[in-house]
Every structure is written in structure tokens, then in C-alpha cells.
Amino acid sequence: SIKKIAPALAKNSHLEILSLGSNPIPPEAVVLLIKSLTPESAPFSQLRHLNLDNVWTNKEVVPFLEEIKRSRPLVTIKLEGILSNYKLVGPDARKIFLKRANFEAMKPKKKKQRRDFGHFVMSLEDGVFSREDFLKSVKKFKIKLSESLLTEIMNVFGAEGQVDQTELKKFYLKEYPDTQPPPPKPKKEKKDKKKKKKEGEVKEIEENEKTGKKKVKLIEEGRIIFELFFGLKSDIFQVRVMEPEGK
1 SIKKIAPALA KNSHLEILSL GSNPIPPEAV VLLIKSLTPE SAPFSQLRHL
51 NLDNVWTNKE VVPFLEEIKR SRPLVTIKLE GILSNYKLVG PDARKIFLKR
101 ANFEAMKPKK KKQRRDFGHF VMSLEDGVFS REDFLKSVKK FKIKLSESLL
151 TEIMNVFGAE GQVDQTELKK FYLKEYPDTQ PPPPKPKKEK KDKKKKKKEG
201 EVKEIEENEK TGKKKVKLIE EGRIIFELFF GLKSDIFQVR VMEPEGK
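In UniProt numbering, the protein residues as written are 1 to 247.
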């Protein structure tokens, strides 16, 4: 965790490059990490580059960044942006949040749980919907996104408790023009509920013209299993079970 990395980084005197980009690091943890690089916290640090690509933090980090820039001009820190009351200072927040959503949706280790965020966006109905409806769509699509990221997306693509799904789709397609709609779900084949006859099973019906009686034989693999006799004018019938051969 960052709580363990930050103290170790402050004591570092050999490491020059640290790359933690595209990791789900909370904004406050990023502040702690960057603070550990200040001359006061790490007087002997040899770190020259900290990569936090696709990671953002809050405005509390600003004084530490300024201190590092002033006292250690050779140190470079790459951040996606700084959040300030859900607004981003610098790059377009929408681009960063959508990029992050693409990453989080494909992050699960199990392949069955991975989803294409572009497919999700294309599956949304056009129009302005409540946040509750938007979150229901997320749940229905079974796409795994952090609550904080969903909040940010709803903030930048809506107002007053609503989400403009038309604008979301329009902006996403502008950033990712090759996005295709989700493929149609394969139709499930209906199972034949009718019981199939056993292989080699044959029924024979014989009728005696003189007596009007009928005889039904059930033959399996060339052997008669049973015979059933019944008359047309009588509800009395007889069953004769045939003994297996060899007994």
C-alpha cells in the first residue's frame, strides 16, 4: 500500500524512477506519496521521475508540488490532474474519467467479469436520465467501476441529479471514434422437453380380426419386454411380462 511505500521512498537513496501509473490510488494517498519526496521528508532522495499517469489527486498536493519544483528542479512528476471540488485543474476532466473507466472496466482478473466500457456507453438510451437510472444501467451491464469514478462521470456529464447520456455518448465517440455497439447476445437454443425413445426401442401393435382384441409389444434390442392385451368392448386388460433371455 501507499502508506508503506511513502516512508520507504522518503528513505530511498538509490531509486531514480518509480512508475505507479494506472493504479487505483486514492487522491489522499497521492498527496502522501508526493509529500514524501519533499526535501524535508527525504533529504537524501535520488528519485528523478515519478510516473502517476492516469492517476489524479486533490488540491492539497499543490504546495508540495511547488516545493519540489523550487528545491528539486530536476525531479519530474507526471499526474493526470488535480481535483478541486470535483473540478479538474488542467486537462479536460471528461477525457480523464473516460480513460479511467476504460481501464477499470477491463481490470478484473476473471475474463468473464471484464467489460468494454465503450460497449456500455453505446448501450445507453439517448436522453437525460436520473442518476438512479444511470446506476441501474451500470448494474444491469455488470460493469465494475469504482463508486468515486461513477460519481465523477455523473458530475461532468450532468447536473441537478441527472445524467445527460446523449452528451456522454457524443463525447465518448469523439474521443474513441472506432467504438462499436455491443455485439448481439447469442440466442439460447430451446431444449426439447419431449422424452426421446430409447435407441432400438420399437412398439408393435397387432389386432385379432376375429376376437377384436389388440396386442401391444414393446421390443428393445430385438427382445420383447412386455405384451399388453386388451379388448375393444372390455375395460379388462392383461399384461404379460417377458422373462429376460437366459433365465
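It is worth saying that the hints were derived from the structure and are not from the lab. There could be a bad hint or two in this list.
[To be verified] Mimicking DSSO-like on lysine-lysine, the simulated pairs with C-alpha atoms at most 27 Å apart in a straight line are: (1) 3 to 69; (2) 111 to 4; (3) 112 to 142; (4) 174 to 99; (5) 69 to 139; (6) 112 to 4.
[To be verified] Just the calculated beta-carbon pair ranges, DEER-fashion: (7) 26 to 76: 19 to 27 Å; (8) 177 to 69: 33 to 41 Å; (9) 16 to 187: 53 to 61 Å; (10) 51 to 7: 17 to 25 Å; (11) 39 to 119: 44 to 52 Å; (12) 136 to 76: 42 to 50 Å; (13) 67 to 7: 15 to 23 Å.
Cβ atoms here follow ideal geometry from the backbone N, Cα and C, with glycine treated the same way.
Structure-based check of each hint:
no., hint, result
1, 3 to 69, "holds (23 Å)"
2, 111 to 4, "violated (30 Å)"
3, 112 to 142, "holds (10 Å)"
4, 174 to 99, "holds (13 Å)"
5, 69 to 139, "violated (43 Å)"
6, 112 to 4, "violated (32 Å)"
7, 26 to 76: 19 to 27 Å, "holds (22 Å)"
8, 177 to 69: 33 to 41 Å, "holds (37 Å)"
9, 16 to 187: 53 to 61 Å, "holds (57 Å)"
10, 51 to 7: 17 to 25 Å, "holds (20 Å)"
11, 39 to 119: 44 to 52 Å, "holds (48 Å)"
12, 136 to 76: 42 to 50 Å, "holds (43 Å)"
13, 67 to 7: 15 to 23 Å, "holds (19 Å)"
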